Amino acid sequence: MKRPLFDALLSRSPLLSGMDLASRDRLVPCFDPRPFTDADRILKVGSSGRILGVLLEGHLEVQAREDDQVFTVDVLGPGDIFGEISFFDGQSPRTADVVGRDDGLVALLPWDEYDALARLEDPAVEVLEKAVLDLLARRIQKINGTLDDLLVANRDSSWLGALRRFLGLGGVHG
Amino acid sequence: MDEHTDARRSEEKAAVLAEIPGLSTASDAALLQLADSWTFVDLDDGHVCREGDDADALFVLAEGECDVIRKGPGGRRFQVARLTPGTLFGHVAPMTLSKRTASVKARGRARVLRMTARAAREVIRSGAPSVASPFRRALIIALARQLHAATSTTLKLARDAGRTDTVAVTDETEEPTMSEEAVSETLQVARGQL
Chain P
1 MKRPLFDALL SRSPLLSGMD LASRDRLVPC FDPRPFTDAD RILKVGSSGR
51 ILGVLLEGHL EVQAREDDQV FTVDVLGPGD IFGEISFFDG QSPRTADVVG
101 RDDGLVALLP WDEYDALARL EDPAVEVLEK AVLDLLARRI QKINGTLDDL
151 LVANRDSSWL GALRRFLGLG GVHG
Chain A
1001 MDEHTDARRS EEKAAVLAEI PGLSTASDAA LLQLADSWTF VDLDDGHVCR
1051 EGDDADALFV LAEGECDVIR KGPGGRRFQV ARLTPGTLFG HVAPMTLSKR
1101 TASVKARGRA RVLRMTARAA REVIRSGAPS VASPFRRALI IALARQLHAA
1151 TSTTLKLARD AGRTDTVAVT DETEEPTMSE EAVSETLQVA RGQL
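From first to last, the protein sequence lines stand for chains P and A.
Mapping the first sequence onto the numbering used here, position 98 (from 1) lands on 98, and the numbers just tick up by one.
Numbering-wise, the numbering used here comes out as the position in the second sequence, counting from 1, plus 1000.
Derived from the structure by calculation, the hints contain no laboratory data.
Remember, it's a predicted structure, so these values are computed and weren't measured experimentally.
Yeah, the Cβ is synthetic: ideal placement off N, Cα and C, and Gly gets one too.
A few of these clues could be false.
Claimed, not checked - Taking CB as the label site, the calculated pair distances span:
#, chain 1, residue 1, chain 2, residue 2, range
1, A, 1052, P, 17, 27 to 37 Å
2, A, 1007, P, 112, 28 to 38 Å
3, P, 112, A, 1129, 11 to 21 Å
4, A, 1044, P, 65, 39 to 49 Å
5, P, 37, A, 1050, 42 to 52 Å
6, A, 1122, P, 110, 28 to 38 Å
7, P, 138, A, 1122, 16 to 26 Å
What the hints assert, rightly or not - Chain P is nowhere near these chain A residues, computed Cβ spacing over 12 Å in every case:
#, residue
8, 1028
9, 1029
10, 1032
11, 1037
12, 1042
13, 1116
Excised from the complex, chain A in its bound form:
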């Protein structure tokens, strides 16, 4: 690949990264530098990652659509989300050093940006401030959104399972009907004593 093509490819990657919340305020120079840590991967109905695998990378969907698929009770597979361009995904497991919790598969042709978990940790730990700080902020935003969604879902599931029908769902003007003891016990169960 010649120098001109390299430069154009870096600009394409930087443009994709600039769409991620937290990175949109990074300078052009910082985005171009960060872009060097990512590589384009083209897919045609292929898997980006598989549930249960070691998490060795994180991704951004650049073009096309991907399905998020998870095994349900009995081993059946369910599509649980559809990703659209500009979405950062696969970032939780590398940050928590855990296994993939879902598979991601392209719907037809798709293009993703891939960054190795090692490179991500390197940027977080010792990258230049102009690059590392926006990258850390982008990961914080993505992790916080994931955490809020998980917390909300956990509370609802706990309620559905009969473990916390006392979770407060009130009219704004009404007092919660649950006792403090019930709140405490409920949330310990629902939140895993966070």
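Just chain P, same shape as in the assembly:
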């Protein structure tokens, strides 16, 4: 894919589409295109590379491992972001693989590019952080509604375990 087409796709993604033009123009060139195919591993569990990904085309699976088994814990579609915890924390190794489910394209923002802008106190950094916050808040709101429905549907012993995982895994709650 040619760079102008990639830039246009990235600019239309939910993460960047609401930004002012100046911020978008600063951020878009910092992202690298990365095509992927089915079963292609984009991010690997345990790795420490700081990369923020934006899925532009296709689907990705987020896979966790337990007792030599691989569990799909999320499937990402166009517009979703990934890698944000390790990207913004830097001290958290990845807890899951991100693997291609079909053919597609991601935009990858390396930490060094972002950090260079941050050190200059470039306003685009603030715009990006606010956009990530907004995106995550909207996704949590939606999934909380789904979770409430499912909790009602699971009025048995699994209810408490599910809530414990939901509220306890991250050590945080709403």
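With chain P fixed as given, assemble chain A onto it according to the hints.
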């Protein structure tokens, strides 16, 4: 309170904030500045916040332990998590302008840091970059962890409820046994068409 006590109190608050992922890389000066937006609240078996209330603040547990309690089917109350010092909590509802989804109650004596939702939004929107950026990053990390946990739980619950026994649980070497249509339908239900 005299100036010396004020300064010591700010340092105590900054030390608690420095334990939060995302804030650990903030400068000492930035942490001290951010600390001005937080106040200590001492509890003795009291509630930090209650399920269903408006979310007007976010918190960090500084000392002691707190239980997270949620009403279950039939109105029974269940302890669903126990918080330990250094935990940022109560941050989702202020960010989404929604009601509290659980109550938090101190187990015996506890001390929490409290920041009003208004102050948090002010820092996010227009704080100095050295303060606002680490604070935004800390919230991003906390929100992302919450989202990942919720997504994982939702998929499992959906499977348990019989709505997605097709969620892929495979040996690494095996192909998923579900059709693409089943995957799509399943995840639309499970993820609320995110």
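Now for the hints, and whether the structure bears them out:
no., hint, verdict
1, A:1052 <-> P:17: 27 to 37 Å, "35 Å, holds"
2, A:1007 <-> P:112: 28 to 38 Å, "37 Å, holds"
3, P:112 <-> A:1129: 11 to 21 Å, "18 Å, holds"
4, A:1044 <-> P:65: 39 to 49 Å, "43 Å, holds"
5, P:37 <-> A:1050: 42 to 52 Å, "50 Å, holds"
6, A:1122 <-> P:110: 28 to 38 Å, "31 Å, holds"
7, P:138 <-> A:1122: 16 to 26 Å, "21 Å, holds"
8, 1028, "18 Å, holds"
9, 1029, "15 Å, holds"
10, 1032, "19 Å, holds"
11, 1037, "17 Å, holds"
12, 1042, "21 Å, holds"
13, 1116, "16 Å, holds"
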